[in-house]
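Assemble the dimeric complex from its two separately framed chains, guided by the hints.
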Amino acid sequence: MTESTGSFLKHNLREYGMLISLVAIMAFFQFMTDGTLLQPLNLTNLVLQNSYIVIMALGMLLVIVAGHIDLSVGSVVGFIGALAAVLMVQFEWHFVPATLVCLLAGAAIGAAQGWFVAFFRIPSFIVTLAGMLVFKGLSLALLQGQSVGPFPTTFQLLSSGFIPDALGGESLRTTSLLVGIAGAFALIVTKLRERANQARHGMESEPTPFFIGKNLIFVALIVAFSWKLASYKGLPNVLIIMTLLMLLYDFVTTRTTIGRRIYALGGNEKAARLSGVKTQWLSFYTFVNMGVLAAIAGLVFAARLNTATPKAGLGFELDVIAACFIGGASASGGVGKVLGAVIGAFVMGVMNNGMSILGIGIDYQQVIKGLVLLAAVFVDVYNKGKN
Amino acid sequence: MLLEMRGITKRFHGVAALKDVNLAVRAGEIHAVVGENGAGKSTLMKVLSGVYPHGEYEGEIHFAGVERRFGGIHDSEKAGIIIIHQELALVPLLSIAENIFLGNEPARLGVIDWFAAYAQTQALLLKVGLRESPGTLITDIGVGKQQLVEIAKALSKKVKLLILDEPTASLNETDSDALLALLLDLKSHGIACILISHKLNEIAKVADSITVIRDGSTVRSFDCRAGPVSEDQVIQAMVGREMADRYPRRTPDIGDTVFEIDDWRVHHPEHADRVVIKGVSLKARRGEIVGIAGLMGAGRTELAMSVFGRSYGRRISGRVRLHGRETDVSTIEKAVKAGLAYVTEDRKGYGLILAEDIQRNITLAHLEGVSNAAVIDDGREFAVATEYRQKLRIRCASVFQPVMNLSGGNQQKVVLAKWLFADPEVLILDEPTRGIDVGAKFEIYSLMADLAAAGKCVVMISSEMPELLGMCDRIYVMNEGRFVAEFTGEEASQEKIMRSIVRTGTTLSDQRLQ
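In order, the protein sequence lines correspond to chains D and H.
Adding 11 to a residue's 1-based position in the first sequence gives its number in the numbering used here.
Adding 473 to a residue's 1-based position in the second sequence gives its number in the numbering used here.
Only chain H is shown next, with the shape it has when bound in the complex (with noise of 0.2 Å):
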């Protein structure tokens, strides 16, 4: 074994994000993680890359023979284990020489000796298998060339794991196998590799071990090389979750077509020739909780910010109706007045003014509600704070607390009270529960029924597939900037929803509807 994770356990506030998880994985092989979102394979390379220290974690870490304890990233990229995160850390105006040798520069007494660099950065090219001169920015070379870029530096620090965070999921086919070849390649030459992936068809190409985790435990390992591993089980291991009474009853009163999405496409707004959304046609009936299921990147919050006011994206082109009439929402201002509200996935960042108070927060988006020609009634305001604080019960002391000190299912109600006071007729919740313990999340999925009850269009974008199933009545699954499957909540399950994802890429699955 080169490594050996025992009885990991990784609390957050008391809350086991990790809970006794075993991870082994032999010299020399391509060894899989896969779970849905949230299950916790990012903490857990977290742990085993030093990023979490020794003695922030239960459990014990085994590398090549010796028990590690690793203080940061430094030491265990001593050890030869290296990361490479979803999101490249590479700098964009640096060279790919400079890049590679970033913090660990060729030098005598502080002066770097660039020639030596430069050659030994043409080895690793070489090795990686990419034809570009050590003096090129990473910014003149696309995501498929950095990410090798990235493996090359791992190389020149004698990596003996490579750990790969979603390595394809920005790459293109040809790049990723090409990608997929290099692994082959490095475990050849003696480097094991865990990847982290939600492309079961790669997994199946390269992988020689399997472990699935979910809600932080490990709860399935394979040997490919035992025999031949259907996806089928692998789904079933990643999702197969009880389901409790966890969501409140409704009996959904759906009436006519509300909102309407049509042919919409977004570029990317740096890269104005990267495609984000390739033509998505989407329909809300009056009463209706719409889910939008996918995995992270998959291009959901993309689409609801680029019809929420252009607030995401370049080249917008398609069409946004509302009773069937088209419709101008290409301000934000326009989007709100057209009847759209859009809760932020992101409510520290987008969603609250956090060193405000909450009742501050809560008028923010309809201050004319609260206002005679501009001048603000501070009574009014008032009355409607506690009005919203009473019907969502909002934990705080004062509806003059700054929202910074709330609880993240309580700041999370500041926000659905905020569009709610804008009193719009589509609410579009992006991930409305992440982050947020059991009873509010209770709280909030009430809420939601209560909205459609009253005849709003609720679409909801979600990462939880237990909670699309549990909410939604009906439920498009997006992938790589597409709507690749259509439910009805009944016929959905989280199998079909998984496997209409992992699958798009080899076949298009009989399930793709329209």
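Chain D on its own, in the form it takes in the complex (with noise of 0.2 Å):
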């Protein structure tokens, strides 16, 4: 039994309706720039700037998703970059133990504001708000007020490296082409896989239409994104991490048994907990995993800087958490994807970056950022009320 390619559309169009935005956004400042937004050099960029803000939105939804919130990344972020650079500059550690150390820290400071949160039921915005304060006030005694820099070449590659080209190729890096027409395929495999898996079930599923052109398009757009960056310097390191923490985090979310039970602990606590799900063990956990992406990203912001500063991360927790409302997550918990927080995250840095090649300043972007996220939330619940 199927659905009209036409019905199942306006079902499904709030679904899609996030990346249809950022779609429309994208054309508008390609119009606007005159076709720099989508240069492969700016194409870069876009990737590079981004990254951070991507790797923690994907804690952060987990964190919203279960029903709190997580003020302290911006902080942990320059106190990950501030210890990394004490560690490798200073003391000269190889990158590898100094990495490890990093994770852990971040791990640890994760774990520790879990259990205020999980275990003693302190509200997660106190617990993180004073997270803040003291992280913000360890990376600032960890630099003693100073910038410490610059890091060594290989850890620097996390951030300004890019795969390398095997196969050679002057103005085309033929490797970065085809690692991205590979996963278009595997992309292709996978639905098709899943697709059969639940006609054998007897599910409904998408009308075959729509099925082959939504897939048609995503395949065409992941060549043009890998051919566009292949023309310029390839795929960035950073990039490849990002989209395998994507995929990991989209495979927890919606196909196992973890995932599924963080669902369930946003959606009703009591009711989780009375179906035998460990609540507060699950919280718990969701501020540890936040930690350990706080952590990533700190280690790739201060690599992308070459430098970790005392004002480091600074205000990132604004972005992480706008990302993840915008990709429509929930305030009251349950509800989010983390696709959704993806597509968030480029919402807010195709405007970032479209409005600085358009010179606006920094304050009316920061007005207009803040009325995106006002709308994108109203619509959002304006079409909830309705239903």
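Bear in mind the hints are in silico, worked out from the structure with no lab data behind them.
Each hint should be verified, as a subset may be incorrect.
[Said to hold, decoys possible] What follows is a list of derived Cβ distance ranges for each label pair:
#  : chain 1 : residue 1 : chain 2 : residue 2 : range
1  : D       : Arg132    : H       : Glu533    : 47 to 53 Å
2  : H       : Asp896    : D       : Gln377    : 32 to 38 Å
3  : D       : Ala231    : H       : Ala870    : 56 to 62 Å
4  : D       : Leu227    : H       : Asn845    : 29 to 35 Å
5  : H       : Gln559    : D       : Ala152    : 29 to 35 Å
6  : D       : Leu325    : H       : Ser803    : 53 to 59 Å
7  : D       : Gln376    : H       : Asn845    : 45 to 51 Å
8  : H       : Lys630    : D       : Leu325    : 34 to 40 Å
9  : D       : Lys322    : H       : Phe485    : 58 to 64 Å
10 : D       : Ser343    : H       : Thr609    : 52 to 58 Å
11 : D       : Asn317    : H       : Ser803    : 33 to 39 Å
12 : H       : Lys810    : D       : Asn208    : 25 to 31 Å
[Claimed, not checked] A few chain H residues facing chain D, derived, Cβ under 10 Å:
#  : residue
13 : Met474
14 : Phe781
15 : Arg833
16 : Asn834
17 : Arg853
18 : Lys891
[Claimed, not checked] The following residues of chain D were derived to be distant from chain H, with all beta-carbon distances above 12 Å:
#  : residue
19 : Gly156
20 : Pro161
21 : Lys239
22 : Ser367
The beta carbon of each residue, even a glycine, is placed where N, CA and C say it ideally should be.
Next comes the structure, spelled out in structure tokens:
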């Protein structure tokens, strides 16, 4: 039993609404900037500039879905960057042990905050507000108010490096293009297998024209995107990390029992608990996870700036939280998608980038971003109210 | 007549909760209103106090000689009708004086005159016989005294008719007697009172008239001054309803004892010195449906939830045995693994993730059953959800419909499906048919009968006596944290159950077993 394509589109418009908005925003800025937005160089910058926000949005989404919030991530980014700089620059550690220590530190930070939220029921807003102050102060203390850098070149590659181009190629990085095509192929295979599994169990699936159309568009986008990047320096390392994390978190939230239980916890904590879900531990884990992702983001950001400054990470938490809400997460918990948060992060990113190219001052950029956040959530709430 | 309510009818979504109810209260009398849970007493009082404003009900209210059309509680309070709910409406961290004058402060230009407030409070406290300073915080005094503060607050508003909803439900005997004495004292000062209570012995002590409400209608009125009214007369009026063929036929096939609770004691989660469950022992056998009867607040839900993974209460002691072996059910996970399931009375608050779809709600308690190594198999999950949708006849467009859009009966079926999929041996159903229509009720009864026939233990908590009598092989009667009687299905009757409840507190009746 399949619905007609038309009525299916109508029902699922909200699902793709954010994606369509992102495309519309990109088209708008592409037009307004006379094509600068989608130039290979700028596209690469767009990825590099937003990678750390996207990475943290993955963790923040889980925290928000579980019914909490984490205000400390910006300060944690700064603190981890400072820690990395002290270890690698001042103590001259190799980047592998230094990275491991930083990730562990992130986990410990998340655990400490999660402990108070989950087991002592102190509102996450308060715990992480305290964390925000504490880690901002600690990074100042670590750096003694100075900027520390530069990092060893091997570590810089995390943010400024591109995947090696084994096949060579002067104007086109063939390997990068091939990776993109392979990714598109993998997408088709997964989607076809999913559809076959649905059909085997008699599940209603998308109408065939819609299925083909949608996936052709996705494939075209992936190939076009990697071709664009391949014609500059290829796929950035950080894009690979980001994509892998994105796929992992999408899988965890949509396909695994732990993901399902986090949604149940945020949807109705009491009912989840009475169904045997370990709600306290689950809340705790979302914070540990957030801490680790904030540490990754901190390393990426430090490598990108190639120096650790006391001001690093300032205000990042706001962009990350905004990305989740623009992407359709609900402030009361239980609702939100990983891909939505990623799209939300890119909506913010494209607007930052586009407005900067247009020469709009930082003052009005903030005003516009604030209004977009409000508008996105308003439309979402308004639509829900109508149903 | 001080108050006359004539022909009051109140509908919710077309279903009549009150049908042509009449209530007449004379000036300066204590008028008791009695009836089973859900008979419509509270609805009637909400109509009277303006919670349901004029226009939302049919009929007329005459008070002090004038027809009244209250638009809200404010209007009825201005007329002198004040209701004190079972759940007291006091702010715990404010003082007695602050609570008494909350929203009604003696003030000039918005500046409160605390001297006046304290002086007036002192006078009011004297009237209700409460020896506390007006500055004492509510949280520092017991429930009995809090009740008196509520009455003092009512007096400060120049009350003519005081409505008390189960005022003694959470009081001990001394406090109850003090409260009843106060009501008699108020009466001598010309303040009339409507007393809603289940405790017939208390009613016998103070009431001048009794009105019995059953199934949303007034069935009888007694005038206690014309002659003595026997408890039996009142009980019969309360429960005397016809029993139609509303339950599936079943031939019980009862085996060995499977589930036992021994000397179970539980303290209140916030007030650790209050004992909520006072040594309860229960047995349930294979294929048996065991009922727990009792009034609201008797401790039935608290018993069930404290057994189910200690999800209620503190300082829990006692033993749980399954098949004669002592079993650790100290967390919900362990309880579920041991084969226990608890279907909550509050399906929206504790049973369902309302925003999620039917399928996800059904599999939540047993995700292992639809996953391989923590990865959920969408297809298998869909198959499971579809199977239970058909088995329980959940009426819905698809299993991907959010449960918040379902009717009460279908929501209840989803909660049941969730626990059936977890495949328990002992199912505790707490008010399984609350707020659902007759058709869905029959389907749920049939399901219970099927479960018992399949060899499960079913424990049913219910405030509806007819369904307990219609379904159960054995019925425990619970009151004030204890089992006060036990009947077999054949010997039980509504009168016997009601009697064992209303008579606890005075004498232990001869029906008390064990």
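Verification of the hints:
no.	hint	in the structure
1	Arg132/D <-> Glu533/H: 47 to 53 Å	50 Å, holds
2	Asp896/H <-> Gln377/D: 32 to 38 Å	56 Å, violated
3	Ala231/D <-> Ala870/H: 56 to 62 Å	34 Å, violated
4	Leu227/D <-> Asn845/H: 29 to 35 Å	31 Å, holds
5	Gln559/H <-> Ala152/D: 29 to 35 Å	56 Å, violated
6	Leu325/D <-> Ser803/H: 53 to 59 Å	47 Å, violated
7	Gln376/D <-> Asn845/H: 45 to 51 Å	48 Å, holds
8	Lys630/H <-> Leu325/D: 34 to 40 Å	56 Å, violated
9	Lys322/D <-> Phe485/H: 58 to 64 Å	60 Å, holds
10	Ser343/D <-> Thr609/H: 52 to 58 Å	37 Å, violated
11	Asn317/D <-> Ser803/H: 33 to 39 Å	54 Å, violated
12	Lys810/H <-> Asn208/D: 25 to 31 Å	30 Å, holds
13	Met474	47 Å, violated
14	Phe781	8 Å, holds
15	Arg833	7 Å, holds
16	Asn834	9 Å, holds
17	Arg853	7 Å, holds
18	Lys891	7 Å, holds
19	Gly156	44 Å, holds
20	Pro161	43 Å, holds
21	Lys239	34 Å, holds
22	Ser367	38 Å, holds
In the structure shown, a violation is registered for the earlier hints numbered 2, 3, 5, 6, 8, 10, 11 and 13, in ascending order.
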